[in-house]
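Chains as they are written, first to last, in this note's numbering: chain A, 1 to 327; chain B, 1001 to 1335; chain C, 2001 to 2335; chain D, 3001 to 3494.
Everything labelled a hint here was simulated from the structure, so no lab data went into it.
Ideal Cβ placement from N, Cα and C applies to all residues, glycine included.
Be aware that one or more of the hints could be misleading.
Here are a few chain D residues that face chain B, going by a calculated C-beta distance under 7 Å [stated by the list, open to error]: (1) Ala3050; (2) Val3065; (3) Asp3086; (4) Asp3089; (5) Gly3100; (6) Glu3102; (7) Gly3107; (8) Ala3113; (9) Leu3363.
Pair ranges (Cβ atoms, derived) [to be verified]: (10) B/Val1321 x D/Gly3056: 55 to 61 Å; (11) B/Asn1304 x D/Gly3266: 40 to 46 Å; (12) C/Ala2052 x D/Gly3318: 53 to 59 Å; (13) B/Leu1261 x A/Lys152: 32 to 38 Å; (14) B/Asn1304 x A/Ala216: 36 to 42 Å; (15) C/Asp2157 x B/Ile1038: 52 to 58 Å; (16) D/Arg3075 x B/Ile1038: 52 to 58 Å; (17) D/Gly3361 x C/Asp2157: 41 to 47 Å; (18) C/Val2042 x B/Ile1038: 43 to 49 Å; (19) B/Val1321 x C/Ala2102: 27 to 33 Å; (20) B/Asn1304 x D/Arg3316: 47 to 53 Å; (21) A/Glu243 x C/Ala2052: 35 to 41 Å; (22) A/Thr186 x C/Leu2179: 42 to 48 Å; (23) A/Ala308 x C/Asp2157: 27 to 33 Å.
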Amino acid sequence: TSNEPAAAPSSAAPAASTAPAGGNDQPGDKVVIGFSAPAADHGWIAAIAKNAETTAKQYTDVEFRPVEPTNDINQQISAVESLISAKVNALVILPNDGQQLNQIALQATEAGIPVINLDRVFPDKLAYRTWIGGDNYGMGVAAGHYIGEALKAKNVSNPVIVEIQGIATLPLTQDRSKGFADALKTFGFSVTAKQDAQFTVETGNEVATSLLQAHAKIDALWNHDDDQGVGVLAAIKEANRSEFIMVGGAGSANAMREIQSGTSVLQATVTYSPTMASSAIKLARLIAQGKGMSDLVENQVPQSITLASETITKDNVAQYLELGFES
Amino acid sequence: MGEPTTDRPAARTAAPALSSLRGFGEMRHLGLLGALAILVVVGLVTRPANFATASNLVSILSLAATIGVITVGATFVIIGGGIDLSVGAVMALASVWATTVATQSFGPVVMAICAILVGTGAGLVSGLLIAYGRMVPFIATLAMLVAARGLAQRMSDRKTQLIQPENSFIVELSTTRVLGIPMLVYIFALVVVLGWILLNRTTFGRRTYAVGGNPEAARLAGIDVRRHTMLLYALSGLCCGIAAVLIMARTTTGSSTHGDLYELDAIAAVIIGGTLLTGGRGTIVGSILGLLIFTLITNLFILNGLNTSDQLIAKGLIIVVAVLLQRRNLKERAP
Amino acid sequence: MGEPTTDRPAARTAAPALSSLRGFGEMRHLGLLGALAILVVVGLVTRPANFATASNLVSILSLAATIGVITVGATFVIIGGGIDLSVGAVMALASVWATTVATQSFGPVVMAICAILVGTGAGLVSGLLIAYGRMVPFIATLAMLVAARGLAQRMSDRKTQLIQPENSFIVELSTTRVLGIPMLVYIFALVVVLGWILLNRTTFGRRTYAVGGNPEAARLAGIDVRRHTMLLYALSGLCCGIAAVLIMARTTTGSSTHGDLYELDAIAAVIIGGTLLTGGRGTIVGSILGLLIFTLITNLFILNGLNTSDQLIAKGLIIVVAVLLQRRNLKERAP
Amino acid sequence: MLVMKGIVKQFPGVRALDGVDLDVRAGEVHCLLGQNGAGKSTLIKVLAGAHQPDEGTIVFNGKEVRPGSPIDAIRLGFATIYQELDLVDGLSVAENIYLGHEHSTFGFVNRAAVRAAASEVLTRLGHPEIRPSVEVGRLSPAAKQVVSMARALSHDARLIIMDEPSAALAHDEVANLFRIIRELTAEGVAVVYISHRLEEIREIGDRVTVLKDGRTVAVGLPARETPTGQIVSLMTGRNVEYVFPPKTGRSAGEEVLKVENLTAPGVFADVSFSVRAGEIVGLAGLVGSGRSEILEAVYGARSASGRVLLDGTPVRRGVVGTVRRGMGLAPEERKAQALLLDQSVTANITLGTLPEFAKFGWLDRKRERSEAKRLAEMLDIRPPDPERPIRTLSGGNQQKAVLARWLLGGRKLLLLDEPTRGVDVGARAELYAVIHDLAKQGIGVLLVSSEVPEVLGLADRVLVLREGTVIHQGEAAELDEHRVLDMIMNGRAA
Ligand SMILES: Nc1ncnc2c1ncn2[C@@H]1O[C@H](COP(=O)(O)OP(=O)(O)OP(=O)(O)O)[C@@H](O)[C@H]1O
Ligand SMILES: Nc1ncnc2c1ncn2[C@@H]1O[C@H](COP(=O)(O)OP(=O)(O)OP(=O)(O)O)[C@@H](O)[C@H]1O
Ligand SMILES: O[C@@H]1[C@@H](O)[C@H](O)OC[C@H]1O
Ligand SMILES: [Mg+2]
Ligand SMILES: [Mg+2]
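Just chain A, same shape as in the assembly (with noise of 0.2 Å):
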């Protein structure tokens, strides 16, 4: 894969601040990490389940075990028992949904076992020892930003705003949403229509595809998922439209490039990093060790770590594209 994790530029990764690593990739005592996530039907999760694959891999220290991702949350319920019972020394927790899978993470944290919960939140702050993931909410407000300032600079009024969703039934849909609605408020704009699809080439090709009908004219589209997007630009480019911009998310290697090649109608995408994972498994080994983090003051890793969304352009394309996962 192109991303590896250690050269992580800006993400949550310790290696961008000035600070040595102070040691804390020195070999340390025995850790059996348990992983558990959905299953890696589309790109950004399966770069998450190579991303903690590869970063484990790189400790002598640690022993990773992973087991059989799943959509069903009762499966992944007894995937989290049987880690539980196999009683590894820290758990990393992608869950389906945080809200259904809140009581397994507190079973184990209870059991003394610190869960590392990576991106979808559980509600219960008792579930989890550190929070890694994206800023959904701010995804949305950098969607909007650009997309808000853009349409500023052309001076247009009342323009038409699309919006695709991903899976609609997930809080951080629900929350990117919001904060693009927001954003584009202080704008004086609003959002004309939106429909959900699948986080699926397939959903999000079909959903395009009358969207645009729906729209003879459309000023901007913001597409929640760059995996679907695939779907969405094939759509775009079948039914020969151009006059609009459109912004990304997630960040994958295919939409940056994209972005690159200048041509394309995709302008910008805002980032929602899967290299989120290898931190995590970087903070459940030091969680699990005792370690602190050690550019930072403080003795213990923190409670929450929230990532940037940053927004990726044309201009700063070249920066990023190392980082992008593949579709």
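Place chains B, C and D with the ligands on chain A using the hints.
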């Protein structure tokens, strides 16, 4: 915790099976038991330290509980010559309805009753469409699937609905253990036992075979075939309602996303268990064994950290092999 | 672009239908046409500016194309008394196989051939299991569904596989337009016409009705029922292969996630179109009308900015109403 | 005790009952006689609440009754043994016997009581060896018949209707049945008894009602005294003579079919015969004597040991091959085995010879239609529109279409199983002429018919079957109806 009671859960769910020696004597059950035995051996060999522990067994049974309850209902419907594609969606709808703010304000008992009523009601509607509207079961329950999911999304505004702390009694079904076993496993066992009794010891159950196996003969014998058919779907809905309570307990939530594709899993378990899709023949014990086989496969994959793709491929192959073996054992009427 | 050719696409796909005046005369087709007409009126009223445009019509047909091709195959299987649950998964597998680095190195023609061969091969396997292994079609094709998805995930490493620029010929099927209509709509139309001809003008089609309507009579009339059954599933697989090419063209990718739940959509379209799930009766025209109704509903909902939940509820209701109406029009044999 | 008057029952295209009268007295065995399709089963189904009559009245014990459903009839005290076995394979013997009226408390089956009661009934029927807990699907047809009878006896019935209960029973089992019937009638129970076996009627019957073409042609004849000749002529309606074409003009040629030692265990044994080109060979026998199975085995549709040779070359199992080699079967069960009810007359006619109408699989529909039209005219299929769905035709016309199927494509050997079943008298004559013509063209014909005059009138040679064995083989000219009936019913070989 729970160590001394290691083999209890197995003993519990196996109880109805053991009392049905006739059922166990059949070749197909022997085949299923053989398959289970092979999976257990695989588990013992690949994960000696984790597989045969009390907590793993409890975990397997907890995982099987929700869909297991649904499978009991599906067994009735399929023996009765029908099919119910809506089970997962109806369970989701029931879970959502039971966890709305309004319902939650009445406390956990009302919530459970609500889930059960919603499930039964949805089943009744399917049953009416099929028995009196003369719709093909496949289409009627497909329509119910689609509509129930839509309704569940609408009611929940597509949000996951948390069970409020004051109603944590529901959640405790999953966390409270008696003799080391969570309550929901007892509920599962109870449903299996009751289902078994209903199917094997009551007129309703025995007539189900007649309605599915030879509806004309059933009619001539004075059975109200339509009413019976309707009741079968209501029963399936009832099971979905109970399953909704269990999934609420396990996930602490109601959600429109619960039970996705349960219909295929449930039907597969029933068929692997030796029930004919054409109706008239089948057993609860077989269905539960079929389900346990699927659950065990999942558990083994989880324990061994293998991936879903391989699991899917293996599942497909296991279905084919099991059915082909069953065909060979059982001289069945042509399709 | 494409403005002057407004009504071409509709005229094209309707061609086989119109030549079958007898088919159109039947009540159920009138019902379907009525339903379509109502939807068109709804479209014209709610979105006068967007609905009846050339580009929206093209768009509807492009959306319908992939599943439309699959529906043609499904119509054969269901008229022949079977069912194929594996269509979506087989299409996904074919799309993945055709877009692997290895296949792509041979160029677009080989890719298309590969997709079609993979689809046909998978169908043949299901057909063998059903015809000669005597497996229930529901289970055999369910197993194929599960296994094909797993295999597709495995082959693609769960990544979306982009079509390389040098193979953009495939993508151009979707972007190149002739008389304002994308190539893939012509392919869809061609498949419908060929399917119609095969069903209505050849011995194969005639035998399909016989095999589904009365297998015993077919057998005693000297038809090789098993071989024919097998071929029906191979045909369905062939359609999935063609559909894979179309979905590749549309999405510029091959992916294991393509075609999720297509089986239910295809079966629903066929049944709404008046084909009996018990076999022996049905028309391609009906299935395509059924499909267009579904596609039109989706299109209307999106044009009007309504959400998926409402769409699901409406779909469920429409299925029920359509089937109940059809029942009333058609005095059908009891289930 | 029971009086049925003017019962009319109309099915789409068929008037199955056209004003039937029946009166049954308490304690008697009332026999119902009539040919296949006369309406006996329909009549008793009306009585059993399985069919609703269009006209007519039923008076039971002086009160007019209307059994609207099987439940109603059972409540009135009517129990029925149906002609088609109506058992549920997946249930046990005991459960089948008590299906619908299980011994139960609050819905729980009292299994011990059910089993004990079942065992008692079975013992009474002389079959204590049938275990009540055994699954019915595993039983032989004869044992199933016993279970069916046990079910009827399990009701505390005042009228028991038996539709051909002896068809699947061996001789001594019939004796048992009769013993039970006598016990029942001694208690005042009335029995309506249907059978094609005259000797049974003589033995057990008190009075006889004869049905013909949906009408009562004789009421309350004394069962023992009425001469056989009179009964047979009432049944067959001798007043409407069979019109057979003269057997002249056909000459038997080469041997087309040779059957050697054909055996299917339990169904028929050691059957040998041959059919020559242009010859009509008839198989006579009772229902259940194995005639259909012999045809199916010859046709390759059923496995049997022994040899079947067509034109001197062995026939392999599988219908595809036998059809290709020039055989054709018009099966006994028109609806279940021959027709595509949803398809047009044309499609039904050409089904067996589709390749003849196609080039590379492409159907020449014009030729198909014109051929179908030609045959429809030739056989006078009405209405003469070959594009009509065959479902809308009457039974006789449907039967003609089935025959028309095999008038195509140069058949060498035709197997006709009850070709005139359900065909009205006028149409019969036409069919006879067609069959005669076929033979004249050099086609070999193997004919099964339950109507003896038909066999004798059409066939050149006749095989008489009884319980799966050929008990007589010879020229039709040397036989007459009474001798054949005697052989069939009493097993006396000529
Ligand atoms: N359900 C039905 N629909 C249409 N026609 C029917 C139906 N049942 C019976 N018939 C027709 O009614 C007529 C009388 O049939 P029925 O079964 O009463 O004859 P039967 O005297 O019992 O003959 P058999 O001796 O062969 O049993 C036949 O022409 C038959 O085809
Ligand atoms: N599938 C079967 N399995 C076992 N026995 C069977 C089967 N089919 C028929 N039989 C038995 O074979 C014997 C011959 O049956 P069949 O009804 O074909 O005789 P038939 O002379 O053709 O009479 P019909 O006048 O009814 O055509 C009967 O005793 C029947 O019960
Ligand atoms: O699966 C989701 C991914 O597709 C989206 O882009 O970011 C958040 C993830 O949970
Ligand atoms: Mg009869
Ligand atoms: Mg016969």
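Distance restraint evaluation - C/Ala2052, D/Gly3318, Cβ atoms, bounds 53 to 59 Å: 57 Å, holds
Cβ separation of B/Asn1304 and D/Gly3266, checked against the hinted range 40 to 46 Å: Roughly 53 Å apart at Cβ, these two residues miss the hinted range, so it is violated.
Interface hint for D/Gly3107, Cβ within 7 Å of any Cβ on chain B: Since chain B brings a Cβ to about 5 Å from D/Gly3107, closer than 7 Å, the hint holds.
Consistency of beta-carbon spacing, B/Ile1038 to C/Asp2157, with hint 52 to 58 Å: Since the Cβ atoms of C/Asp2157 and B/Ile1038 sit about 30 Å apart, the hinted range of 52 to 58 Å is violated.
Proposed interface contact between D/Ala3113 and chain B, which counts if any beta carbon pair is under 7 Å: 13 Å, violated
Supplied distance hint 47 to 53 Å, evaluated on CB atoms of B/Asn1304 and D/Arg3316: Given range 47 to 53 Å: holds, Cβ gap about 51 Å.
Distance restraint evaluation - A/Thr186, C/Leu2179, Cβ atoms, bounds 42 to 48 Å: Given a distance of about 47 Å, which is inside 42 to 48 Å, the answer is holds.
Proposed interface contact between D/Leu3363 and chain B, which counts if any beta carbon pair is under 7 Å: 28 Å, violated
Proposed interface contact between D/Asp3089 and chain B, which counts if any beta carbon pair is under 7 Å: Since the shortest Cβ distance to chain B is 6 Å, the answer is holds.
Distance restraint hint 36 to 42 Å, applied to the beta-carbon atoms of B/Asn1304 and A/Ala216: Taking Cβ atoms as reference, B/Asn1304 and A/Ala216 lie about 55 Å apart, which means the hint is violated.
52 to 58 Å as the expected CB spacing between B/Ile1038 and D/Arg3075, which holds or is violated: 54 Å, holds
Interface hint status, D/Val3065 versus chain B (Cβ within 7 Å): Where the cut-off is 7 Å and the nearest Cβ of chain B is about 16 Å from D/Val3065, the hint is violated.
Hint compliance for this structure: hints 2, 8, 9, 11, 13, 14, 15, 18, 21 are not met, and every other hint is.
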